[in-house]
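The primary structure of each chain is shown beneath.
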Amino acid sequence: MAYSKKVVEKFENTLNNPEAFKVGRFDPKEMNVGTGMVGAPACGDVMKLQIKCEPKGNTHVIKDVKFKTYGCGSAIASSSELVEMLIGKTLEEAKAIKNIEIVEALELPPIKIHCSVLAEDSIKQAIEDYEAKQ
Amino acid sequence: MSTQSTIYLDYASTTPVDPRVASKMMEFLTPEGEFGNPASRSHRFGWKADEAVEEARSHVANLVNCDPREIVWTSGATEADNLAIKGVARFYKNKGNHIITSKIEHKAVLDPCRQLEREGFEVTYLDPDDGGLISAESVKEAIKDTTILVSIMHINNELGTVNNLDKIGSIVREHGAFFHVDAAQSTGKIEIDLSNIPVDLMSFSAHKTYGPKGIGALYVRRKPRVRLEALIHGGGHERGMRSGTLATHQIVGMGEAFRIANSEMSKDHKKVNKYHQEFIEKVKEIDHVYINGDTDNKVPNILNVSFNFVEGESLIMGLKDIAVSSGSACTSASLEPSYVLRALGRKDELAHSSIRFSFGRFTSDDDVKNTLDILGNVVHRLRELSPLWEMHLDGIDLDEVEWNMH
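Going down the list, the protein sequences come from chains A and B.
Following this note's numbering, the numbering of the first sequence begins with 25 at its first residue and continues without gaps.
Following this note's numbering, the numbering of the second sequence begins with -15 at its first residue and continues without gaps.
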């Protein structure tokens, strides 16, 4: 299937400059780190997302993000797109991110919407993990 | 984007038409050429076209060592499979209603079998062994009094594995059923001698062997005679088995392609064999790589490899400018991983991680070198991106993890 130029660019940039695009990991045991992992190898995609936060006023702000994704090109591009949206957001703002924003940003075809849902679920899970630690 | 800068390693999907074939086809289209209807008996336009069709039929017959009268033109291997399976089953339905095939057949065999199930036939789908081969023993076990047809492919299109037609066919014949073989991947790749193997029907395709798309043939044995019910009626062409005006230029193209395949098989084989060796050596340098399919019973033009911890479609995207195919779900319209690889009993993730490289007559040394130069690096970088690889390096057994299924 032919991908949008945006997916191809995002995928290639992430692959070529993993550090700049926040590929990596934090120590999941650190108290200011929340980890979310969704998907399954048998289904062909697994996304792991980690947020590093700090308190600000009566909420917390995402200071840094790391991720790794096993999956098709659009799954990797969707993860990378989400990561870009997260930095500087409060947890409330991050929770409000909807998969449709990723779909629109990357012009994902209907058959690949699943990839954006995976990304949305990963941030929800990471926030849950972080909040449980606080 | 020009496709010419892209390296083509997907010959098992289709091949380009050999320029020699294309120029021959051109002689049968225009007013200056032999454009006649081969069925026209009353003038030289018809006679000339008919002559060309019969010459092409002989070229096809020569490649597989059968009588030209045993070759029926079809629109491709899919139609040939349909004609063989549905045609035989419906003709002999009073003799029995049981059909045997395998789980790794092409959809052109599986879907007609499904259709026959809806019509009341009973179909047994055999499992391959873990190397992708169908054993004669498994056919023997499945065969029963009501079995009228066994359909097993020669070379598997995803794996390149070669089934033993002689052994399977002997069992089928002993029992008195008919043996159909889908040989779409075989012509020009491996010797076929129909005068010496117990096969009753065999399907061929032109476009896998440097001929045009849209033409194929079905071999229908004369002695012992196989009869079948036609799928397409109207005009009684091809002795009533397949009506419709013969597509002279397509047929001539297939004939020429098979004539060339016959004379250049060893040359073609030598070339792809070298590339196959180079690929295997280089691929084995990468950790956690599995070659799918029994390497002792395989053609060298197809190489199916699983790169564990990397998803196939992303690998294809990483290998940009190289045209290959994958068993990954993401490359299929159905979003299911390859049913062939799953039938081998491997884990689903190895199907998701698989890439099929297939080489051919126009593959160059540079094509192979350039691909191998970047392959290891792309796999490495995708693994750096892969949480599964990270977990593997941490010593976590991925089979023990409770995944958050979607």
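One should not assume that every hint holds.
[Stated by the list, open to error] DSSO-like, lysine-lysine: derived pairs with alpha carbons at most 30 Å apart:
#: 1; chain 1: A; residue 1: K46; chain 2: A; residue 2: K76
#: 2; chain 1: A; residue 1: K90; chain 2: A; residue 2: K119
#: 3; chain 1: A; residue 1: K90; chain 2: B; residue 2: K304
#: 4; chain 1: A; residue 1: K29; chain 2: A; residue 2: K53
#: 5; chain 1: B; residue 1: K124; chain 2: A; residue 2: K29
#: 6; chain 1: A; residue 1: K30; chain 2: B; residue 2: K304
#: 7; chain 1: B; residue 1: K251; chain 2: A; residue 2: K29
#: 8; chain 1: A; residue 1: K46; chain 2: B; residue 2: K79
#: 9; chain 1: A; residue 1: K90; chain 2: B; residue 2: K353
[Unchecked claim] Derived DEER-like restraints, expressed as beta-carbon distance ranges:
#: 10; chain 1: A; residue 1: R49; chain 2: B; residue 2: K258; range: 25 to 33 Å
#: 11; chain 1: B; residue 1: E384; chain 2: A; residue 2: A156; range: 48 to 56 Å
#: 12; chain 1: A; residue 1: P42; chain 2: B; residue 2: D271; range: 16 to 24 Å
#: 13; chain 1: A; residue 1: K29; chain 2: B; residue 2: D51; range: 33 to 41 Å
#: 14; chain 1: A; residue 1: E36; chain 2: B; residue 2: P0; range: 22 to 30 Å
#: 15; chain 1: B; residue 1: V385; chain 2: A; residue 2: E36; range: 27 to 35 Å
#: 16; chain 1: B; residue 1: G220; chain 2: A; residue 2: E36; range: 38 to 46 Å
#: 17; chain 1: B; residue 1: Q261; chain 2: A; residue 2: R49; range: 53 to 61 Å
#: 18; chain 1: B; residue 1: E265; chain 2: A; residue 2: E78; range: 18 to 26 Å
#: 19; chain 1: A; residue 1: E128; chain 2: B; residue 2: N257; range: 25 to 33 Å
Just so you know, these hints were derived from the structure itself, not from any lab.
We put the beta carbon where it would ideally sit given N, CA and C, even for glycine.
Now for the hints, and whether the structure bears them out:
Proximity of K46/A to K76/A is assessed by CA-CA distance (about 12 Å); at most 30 Å being required, the pair is judged to hold. Taking the CA atoms of K90/A and K119/A, the gap is near 17 Å; set against the 30 Å cutoff, the hint holds. Of the pairs offered as hints, the one joining K90/A and K304/B holds, with about 26 Å between alpha carbons and a cut-off of 30 Å not exceeded. This hinted pair does not check out: K29/A and K53/A have alpha carbons roughly 38 Å apart, beyond 30 Å.
Under the criterion of a C-alpha separation no larger than 30 Å, the hint pairing K124/B with K29/A is inconsistent with the structure, at around 53 Å. Taking the CA atoms of K30/A and K304/B, the gap is about 15 Å. The hint holds against a cut of 30 Å. Distance hint between K251/B and K29/A is unfulfilled; the C-alpha atoms sit about 41 Å from each other, more than 30 Å. Restraint check for K46/A and K79/B: the C-alpha separation of about 67 Å exceeds 30 Å, so the hint is violated.
As the CA atoms of K90/A and K353/B are separated by approximately 35 Å, the hinted pair breaks the 30 Å bound. Hint check: R49/A to K258/B, Cβ distance near 42 Å, so the stated range 25 to 33 Å is violated. In this structure the hint that E384/B and A156/A lie 48 to 56 Å apart at CB is violated, the actual value being about 23 Å. As the Cβ distance of P42/A to D271/B is approximately 19 Å, the hint placing it in 16 to 24 Å holds.
At about 55 Å, the CB distance of K29/A to D51/B disagrees with the hint of 33 to 41 Å. Taking the beta carbon of each, E36/A and P0/B are about 28 Å apart, inside 22 to 30 Å as hinted. A beta carbon spacing of about 30 Å between V385/B and E36/A agrees with the range 27 to 35 Å that was offered as a hint. Here the CB-CB span from G220/B to E36/A is close to 57 Å, at odds with the stated 38 to 46 Å.
Taking 53 to 61 Å as the suggested C-beta distance range, the pair Q261/B and R49/A does not conform, at roughly 39 Å. Between E265/B and E78/A the beta carbon distance is about 52 Å. The supplied range of 18 to 26 Å is therefore violated. In this structure, E128/A and N257/B break the distance hint of 25 to 33 Å, their C-beta atoms being roughly 50 Å apart.
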